[in-house]
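K.L.:
Between the sequences and the hints, there should be enough to build the whole structure, so can you do that?
Quick note, the sequences are listed as chains A and B, same order.
The opening residue of the first sequence carries number 1 in the working numbering; numbering runs sequentially from there.
The opening residue of the second sequence carries number 1001 in the working numbering; numbering runs sequentially from there.
Don't take every hint at face value.
[What the hints assert, rightly or not] Cβ-Cβ distance ranges computed for the label pairs, FRET-style:
#1 B:Pro-1090 / A:Ala-101: 38 to 48 Å
#2 B:Gly-1086 / A:Asn-57: 46 to 56 Å
#3 B:Gln-1295 / A:Arg-125: 42 to 52 Å
#4 B:Phe-1057 / A:Pro-325: 51 to 61 Å
#5 A:Leu-289 / B:Phe-1128: 32 to 42 Å
#6 A:Ala-101 / B:Thr-1385: 38 to 48 Å
#7 A:Met-199 / B:Glu-1380: 20 to 30 Å
#8 B:Gln-1295 / A:Leu-374: 29 to 39 Å
#9 A:Ile-195 / B:Ile-1218: 37 to 47 Å
#10 A:Ala-52 / B:Gly-1290: 53 to 63 Å
#11 B:Phe-1128 / A:Leu-374: 36 to 46 Å
#12 A:Ala-101 / B:Glu-1221: 43 to 53 Å
#13 B:Ala-1040 / A:Pro-219: 23 to 33 Å
#14 A:Arg-125 / B:Val-1137: 53 to 63 Å
[To be verified] Pulled from the structure, derived: some chain A residues nowhere near chain B, Cβ distances all over 10 Å:
#15 Gln-65
#16 Leu-96
#17 Ala-100
#18 Leu-243
Worth flagging that the hints you see were computed from the coordinates, not collected in a lab.
Computed from a predicted structure; not experimentally measured.
Cβ atoms here follow ideal geometry from the backbone N, Cα and C, with glycine treated the same way.
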Amino acid sequence: MAATDQVLGSEDSRGSLLYNPVVRGVFFQILVFGGLCAFLYWIVHNTQENLARAGRNVSFDFLYQRAGFDVGQSLIQYSSDSTQLDALIVGLLNTLLVAAAGIVTATIIGFVVGIGRLSRNWLIRKFCQVYVETFRNIPPLLVIFFWYLGVLAILPGPRDSFKLPFGSLLSNRGLFVPKPVWEEGSWLVGVAFLIAIAMGFFVARKASARQAATGQRFPVFWTNVALIVGLPLLALAAAGFPLSFSIPKLGAFQATGGLAIGPEFLALYLALSLYTASFIAEIVRAGILGVSKGQTEAAYALGLRPGATTRLVIVPQAMRIIVPPLTSQYLNLTKNSSLAIAVGYADLVSIGGTILNKSGESIQIVAIWMVVYLSISLATSLFMNWFNSRVALVER
Amino acid sequence: MGAVMQPPDLAYVRTDLAAPLPPPTGQNSVLGWLRTNLFATLPDAVLTVLGLLILWFAIPPLISWLFLDAQWTGTDRTFCATVAQGGMQPEGWSGACWAFVSAKFQQFLFNVYPAGERWRVILCGIMFAALLVPFLVPRAPFKKLNAILLFLVLPVVSYFLLLGGHFGLRYVPTRDWGGFMVTIILSYVGIAVSLPLGVILALGRRSRLPVIKLLSVIFIEAVRGVPLITVLFMATKMLPLFMPDNMKIDDFLCVLIGVALFASAYMAEVIRGGLQAIPRGQYEGADSLGLGYWQKMRLIILPQALTLVIPGIVNTFIGLFKDTSLVYIVNMFDLLGAVRRNFNDANWITPQTPLSGLIFAGFVFWCFCFGMSRYSSYMERRLDTGHRK
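P.N.:
Laid out in C-alpha cells, this is it:
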C-alpha cells in the first residue's frame, strides 16, 4: 500500500503540465481574453477609420442642438426649438408613463384571469383559457396594429365622437377625458395625500406589532383606504374646493378642452396590457397551484374560513412563486414599450430613431438606449428582489 | 333475571331488501354537471348568466362579420367598400375582406421576391418540411443523419438557392425577400444558432474560470436588459460601421446576427436553469468515472438538463417566432410586415382591410405558436422518466 501511495503522490505521476487543470484553465482564459481584446481592437479600429472617412467623430454635442421636430404627446414643455436632449427626456418620460400604466393594468387583468382559470365555473374557466391562449400566441406588434389600425383608426371622426360617461369623448383622434384644473390652495390636498400615506405606513407597522404581541388583528386595509381617500377630501373641503374640471367639447377637427390621450398611446397601452396580462395570468395560476393542497386542508383543520384561508395561507405562499417571474414580465412589458415606434408614439426609441435618422449619430444613440434600458431593468430588478426577499419563505 | 336474559324481540330486523336509493345527481347526468360546473353557488350562477349574455351578444355579430357577411372574392377595393365609400356593398355593410387576403396571398408569402423565381422558395420550403417532420416525430429513424441534413446541409443549399447568382440562377438581393418566408428563415436561423450558443453561454456562466464567467454574465445580462428593437437598430446601423471598408455587410445578415445573438442570451438563461436543477451527485458521479469536462457535459449533464428545460426552450422558440415581426421596424418585411405594407395599396384601401389582414396574420402566427406549445407538452410527457417529484 505504501508503495502505491508513493506512486500516486509522486510528482511524476501527475503528468505533464499539459493535463494540469489549473494550468489549462489559466491558458484558456488568457486565450479567450486575448481573442476578445483583439476582436474589440479590430472593431474599434474599423469604426474609427469609417468615422474618419465620413468626417465624423463620436461626441455628444449633438444633444444640445435644436431638435427641429415635434412630438405628439409630451409630459413636459417641449417645442421643436427645444434641444435634442429635451426630446430624449420627453421620450424617456413617455416610455415610463406607458410602462407604468401598462404594468398596473396588466397586473390587475392578469390576476383576475389567472384566478378565473382556477374557477369552479366551467364557463369562466373557458373564457379565461381562450383569452390566455389567444394573446400568448400572437406577436405583441400585431396586437398593437390591431388596436391602432383595426379599431381606433376606423372609429368615427371627432365631429361624431362616441360620448362616454363623465363627458369623455372617443373618436379616431383618441380619447378625451375631463381634465382636473387645480386652483389656488390645492397644494393642501397634495400635502394631505402625503401625510395620509405616511400615516398608513405607521398604522400598518403598529398593527402588525400589536398582532405579534397580543394576537389581536386590526383592519389595516380599510383604515388605510379611509385615510388615503378621506384626508385629501377633508383638505379639499378645508381649502374650499379649489378644483374644477375642463370638460372636452366636440370640435370639427379636434375636441377642445379636456385631457387628450392620443390613439398611439391608447393602442400601445391596451396592447401591452392585454398581451402581458395573458402571461401574468399563467404565472398567477402556476403560483396558486404551486401551493400544496395540504396547506389548505391544514388551514381548514385550524378552523379558518375559505376566505381567510385564501388571504392568510394561500396568497402569501403563492406570492413567493409568483414574484420572480412577475418581475421579468414587468421588464418585458417595459422593453416591449419600445414597439411604440411602429405606431409613432413618442417614446425613447422612437425619438432616438428620429434623431438617429436625422443626424446619423448611431453609436451615441444606441449607447443612450442601452444605458437607459439597462438602468430601468436594474432598478426594477433591485426593487423586485427587495420585495421578493420580503415575501420569501424564511427557512429554519 | 331470567326474563331479562331472554333473547330480545327481533321484530325490527328486516327480512326483505330495502328499495334502492335513487342514484346521486352526480357527475354523470347533464343536470348534475350543470349544477356542479355552472350553478354551484349564487355568485357562480350570476357569473354564468353574465358569461352567457356576453356570448349571446358577441358570437352572432362575430360569425356574421367573419363568415356570413364577409367578401370572399374580388379584384379590388370596390368589393369591400360600401357605396358611399365608392364600392358596391350596400350602405351599413361590414364584413371581413377575405378578397384582400386571397389577392395578396402570394405577397404575404414572398413579398416582392420575383414571381418567376418563387419556385426556389417553395422548393426550399418543401425540403425544410420534409426534413423537419421526421426530425420531430420521435419514432422516425436516422435521427443523426436527419439532424445533419437539417442543420448543416439545408442552410447551405438554401443559401445558394434563395440568393442565387450561381449555377445559372438569377441573383435575388435580400431586400426583395419578405413575407412568411422571412419569418421562417429568421426563426430557423435564430433557433439553430441560439441553441448551441446558448449552451456555451450557460456553461460559461457556470464555469469556475472567472474570466469566462464574467464575460458570459456581461453578455447575457446586457442583451437581456435591452429591447430587441435596439439590438436590431444596433445590428443594422452599427455593424456596418464595425466592418472594414472593403467589407459590405448585407442588411439581412445584420438582422440575422442580431436576432440570433438576442435569442442566445435568453436560451442561455433557460439552459442554466436546467443545469442548476441537476443534482450534485450527477457531476460527482461523472467525475468519479474519470470523465473530462466536455465528456461529462456531453454525456451526463446536458442530456438531462436539456430534457428538463424543454418547455422553457420551446417558450423561447415561440418568443423568437413572434419577435421576428419586429424586423418590420428596420424596414424588413416578415409576414406581419408584408401584411402591414399592403394596407397602403391604394387599390385595396377600405375600412375593413386592416382588420381582415391582421386577423389573417394573427391566425397564422397563432397556429404555429399553439402548435409548438402543444408539441412541447407532448415531448415533455414522452421524455418524462418518472423521476420528477
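K.L.:
Run the structure past the numbered hints and jot down the numbers of the failing ones, going up.
P.N.:
4, 7, 12, 14
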